[in-house]
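Chains W and X, in that order, give the protein sequences.
Using this note's numbering, you'd call the opening residue of the first sequence number 1 and step up by one each time.
Using this note's numbering, you'd call the opening residue of the second sequence number 262 and step up by one each time.
Treat the hints with care, as some may be off.
Selected chain W positions facing chain X (in silico; Cβ < 10 Å) [what the hints assert, rightly or not]:
1) Arg38
2) Phe145
3) Pro149
Distance condition first, Cα-Cα at most 27 Å in a straight line; then the derived DSS-like pairs of lysine-lysine [stated by the list, open to error]:
4) X/Lys393 - W/Lys127
5) X/Lys400 - X/Lys333
6) X/Lys307 - X/Lys333
7) X/Lys467 - X/Lys299
8) X/Lys393 - X/Lys348
9) X/Lys348 - X/Lys333
10) W/Lys127 - X/Lys359
11) W/Lys127 - X/Lys348
12) X/Lys307 - X/Lys359
To list a few chain W residues with every Cβ distance to chain X over 10 Å, as calculated [to be verified]:
13) Phe15
14) Met126
15) Leu140
In short, the hints are calculated from the structure, not lab data.
As the structure is a computational prediction, the values presented were derived from the model and not from experiment.
Cβ atoms here follow ideal geometry from the backbone N, Cα and C, with glycine treated the same way.
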Amino acid sequence: MRTVAALGRSGLEIFWFVLGCFRLFLDFLYWLLIGPLRGFRVRLHETARQAVRMGVNSIPIVFLVNFFVGVTLAVTVADILRIFGAIEYTASVMGVGFWRELSPLLTAIIMSGFAGASLAAEIGTMKVGEELMALEASALNPIRFLCVPRLLAVIVMVPIVTLLGNVFGIYGGYLVYYSMLDLTWAQFYDKMLDAMKVKDVWVGGMKSAIFGGIVGLVGLAQGLQVSGGAEGVGRATTNAVVYSIILIIVADCIMTVVLYF
Amino acid sequence: MGAKGTSGVDRDSQFKKGDVIVRCRDVRMSYDGRPILKGVNLEVRKGETLVIMGGSGHGKSTMLRLMIGAEKPDSGTVELFGQDITKLSEQELYPIKKRFGVLFQSGALYNSMTVGENIALPLREHTDLDEKIISIIIKLKLELVGLRDFEHLVPSQLSGGMKKRVGLARAIALDPEIIFYDEPGAGLDPVMLAVIDELIMGLGEKLGVASIVVTHEMQSAFRIADRMVLMHGGLVLAEGTPEQIRTTTDPVVQQFIQGKAEGPIPLRLSSRDFAEDLLGG
Ligand SMILES: Nc1ncnc2c1ncn2[C@@H]1O[C@H](COP(=O)(O)OP(=O)(O)O)[C@@H](O)[C@H]1O
Ligand SMILES: [Mg+2]
Numbered sequence: 001m002r003t004v005a006a007l008g009r010s011g012l013e014i015f016w017f018v019l020g021c022f023r024l025f026l027d028f029l030y031w032l033l034i035g036p037l038r039g040f041r042v043r044l045h046e047t048a049r050q051a052v053r054m055g056v057n058s059i060p061i062v063f064l065v066n067f068f069v070g071v072t073l074a075v076t077v078a079d080i081l082r083i084f085g086a087i088e089y090t091a092s093v094m095g096v097g098f099w100r101e102l103s104p105l106l107t108a109i110i111m112s113g114f115a116g117a118s119l120a121a122e123i124g125t126m127k128v129g130e131e132l133m134a135l136e137a138s139a140l141n142p143i144r145f146l147c148v149p150r151l152l153a154v155i156v157m158v159p160i161v162t163l164l165g166n167v168f169g170i171y172g173g174y175l176v177y178y179s180m181l182d183l184t185w186a187q188f189y190d191k192m193l194d195a196m197k198v199k200d201v202w203v204g205g206m207k208s209a210i211f212g213g214i215v216g217l218v219g220l221a222q223g224l225q226v227s228g229g230a231e232g233v234g235r236a237t238t239n240a241v242v243y244s245i246i247l248i249i250v251a252d253c254i255m256t257v258v259l260y261f
Numbered sequence: 262m263g264a265k266g267t268s269g270v271d272r273d274s275q276f277k278k279g280d281v282i283v284r285c286r287d288v289r290m291s292y293d294g295r296p297i298l299k300g301v302n303l304e305v306r307k308g309e310t311l312v313i314m315g316g317s318g319h320g321k322s323t324m325l326r327l328m329i330g331a332e333k334p335d336s337g338t339v340e341l342f343g344q345d346i347t348k349l350s351e352q353e354l355y356p357i358k359k360r361f362g363v364l365f366q367s368g369a370l371y372n373s374m375t376v377g378e379n380i381a382l383p384l385r386e387h388t389d390l391d392e393k394i395i396s397i398i399i400k401l402k403l404e405l406v407g408l409r410d411f412e413h414l415v416p417s418q419l420s421g422g423m424k425k426r427v428g429l430a431r432a433i434a435l436d437p438e439i440i441f442y443d444e445p446g447a448g449l450d451p452v453m454l455a456v457i458d459e460l461i462m463g464l465g466e467k468l469g470v471a472s473i474v475v476t477h478e479m480q481s482a483f484r485i486a487d488r489m490v491l492m493h494g495g496l497v498l499a500e501g502t503p504e505q506i507r508t509t510t511d512p513v514v515q516q517f518i519q520g521k522a523e524g525p526i527p528l529r530l531s532s533r534d535f536a537e538d539l540l541g542g
């Protein structure tokens, strides 16, 4: 009974939080689309700076994770396909699996740790240090000034990093394939494209942009709602990662079911 | 008129330096159902320095936040330059916000920027000034607070007192007409405190800047104030010139300005009986 109550409570908490993220997203759209018409420019330089910061930091880990998952998946799948004498179709599974599902998901989860947590910590620290109030007092809206460039950066950067993740993962799979079948990259590549559709590519791209949005919104919203000193910042950072991962996985499931089921 | 028991508005004061530029009427505010401000009236004239005193937790910072438009009161009006800011939208407030500066309790410097960039930010965002001119303004403002050589440091390399001085340099970057100070003296050594006091007074006398200063430093308060108010229990308990405050017979005011532990001001903010609380009553 107590567990049920706790579940209900945290479900409600997440619901309110998601609602908060949604409102932040509307604010984001306002400052991105309507703000410039009223003379409030979007800070593109800052956006580029943030994008580089987020992207560069995460690339080594994105490489490691996608590459090793690529190797693991190839070995696992090849084992099954061998039974049916279709081992060369490992390439197809790698292609579809990574483009459509694995790279967007893995990369977004990694980015929730890199970008999401650091956004929550950064904005939370600014809130605690009265920096956000100082911005407001100088007639600078913190959403426009801080959140728009950061969210824009993460929405652009996650798909780019996901693309790299694809390459790393599929290359990991190819190494396995090569060691078993001695096929060239070109042959692997042909087999991979056999089973892939154009839809898989744009779905992968769309998913990763949406995941990027989730990572950014959750991190920023957690940072903005910090209260009570350094302890609050720590809590926001943890929550940013946990909530991002939950929301990414739920969103992934919904999109996959809607688009492919 | 006396300094005592006056939470009222207009009076015959001899410190009429100019037009009223800040006027708060019957401002009420509560947090989570707990009333913090119970009908505060304040006004400040052009070029005047108003010192707000009061025990910690008696709503001084809250009052400042209302006056800078960071929060809206539950009821009452807050007029800046003749406009009731409680009725303005965020964007309607921007022109007013560009006319005042704020020095926050902690300095509130932007930690990701250098000292120079902190001061440049309002200039870059709100003016069309050339970078050359901006760099001159930065040097001028830093010279004013005695930190000209610190332009390229970041806030984490500064002491608490230096952060406050940079915060002040930033607050005056756009040459504001009003400056709000939240405990500018806290964490400063006596010499630096005197320097900041000189600055506040200088800005008022030379440039006609009005200052609203929340402070606990009595010596400094009496030095800079044209007028003082004592906030207590969410109300303005006393108001007057430094002379009127000093000579008032109100025991609460006397206890506060003399800093005595004994007197009518209760040590605890709790209204519940201590013994009752202990016994779980
Ligand atoms: N954001 C807030 N939420 C809840 N309570 C607050 C908030 N800000 C201030 N308070 C409460 O309001 C009271 C007055 O605070 P404040 O204005 O900071 O006092 P002062 O600056 O005079 O020390 C305190 O009891 C404080 O706990
Ligand atoms: Mg305070």
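Hint check results:
{"no.": "1", "hint": "Arg38", "result": "holds (8 Å)"}
{"no.": "2", "hint": "Phe145", "result": "holds (8 Å)"}
{"no.": "3", "hint": "Pro149", "result": "violated (12 Å)"}
{"no.": "4", "hint": "X/Lys393 - W/Lys127", "result": "violated (32 Å)"}
{"no.": "5", "hint": "X/Lys400 - X/Lys333", "result": "violated (36 Å)"}
{"no.": "6", "hint": "X/Lys307 - X/Lys333", "result": "holds (24 Å)"}
{"no.": "7", "hint": "X/Lys467 - X/Lys299", "result": "violated (36 Å)"}
{"no.": "8", "hint": "X/Lys393 - X/Lys348", "result": "violated (39 Å)"}
{"no.": "9", "hint": "X/Lys348 - X/Lys333", "result": "holds (9 Å)"}
{"no.": "10", "hint": "W/Lys127 - X/Lys359", "result": "holds (21 Å)"}
{"no.": "11", "hint": "W/Lys127 - X/Lys348", "result": "holds (25 Å)"}
{"no.": "12", "hint": "X/Lys307 - X/Lys359", "result": "holds (16 Å)"}
{"no.": "13", "hint": "Phe15", "result": "holds (22 Å)"}
{"no.": "14", "hint": "Met126", "result": "violated (8 Å)"}
{"no.": "15", "hint": "Leu140", "result": "violated (6 Å)"}
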